[in-house]
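*Asks:* With the hints as constraints, model all of the structure from the sequences given.
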Amino acid sequence: MIVLTRFRVTADRTDDFLVRAEAAAAVLRARPGLLSLDLARNVDDPDLWTLTTRWADVGSYRRALSGLESKMVVVPMLSEAIDEPTAYEDPAFVGDNVPRGE
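Just so we're aligned: the sequence shown equals residues 6 to 107 in this note's numbering.
Heads up, some of the hints might be wrong.
[Said to hold, decoys possible] Here are the simulated EDC-like cross-link-like pairs (lysine to aspartate or glutamate), alpha carbons at most 20 Å apart as the crow flies: (1) K76 <-> D95; (2) K76 <-> D17; (3) K76 <-> E27.
[Stated by the list, open to error] Distance windows between CB atoms, simulated: (4) R18 <-> D95: 32 to 40 Å; (5) K76 <-> P96: 27 to 35 Å; (6) D17 <-> A97: 12 to 20 Å; (7) P90 <-> D49: 33 to 41 Å.
Honestly, the hints are just simulated from the structure, not real lab data.
These numbers come from a predicted model, not from an experiment.
Beta carbons are placed, not taken as given, at the ideal position from N, Cα and C, and that holds for glycine.
*Replies:* Encoded structure:
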């Protein structure tokens with residue numbers, strides 16, 4: 006499962022955003038089921054940022070957001086994200102949760 010969360014961050018808020026994003030990333034990196042995490046800035050629109058995470062499954066992602074530390078650090082940052090769907094599943098598992106081609 007991939008979670009793609011985008012943020013609109015003006016230049017005057019970038020330093021504060023990076024501090025909070027790195028703190029959130031540290032919390033998420035400690036959670037079971039996290040496969041990868043990338044924080045990136047758009048090259049064409051420098052106010053657009055993304056936090057992209059890959060999880061073993063949807064349950065791992067949901068559990069990662071449920072702990073006290075996540076509620077204090079990660080959730081407040083995520084609440085500032087652009088309001089759009091963020092969770093994507095591997096097309097190999099769409100429909101029946103059984104890998105295709107096997």
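*Asks:* Are any of the numbered hints broken by this structure? If so, which, sorted upward?
*Replies:* Violated: hints 1, 2, 6 and 7.
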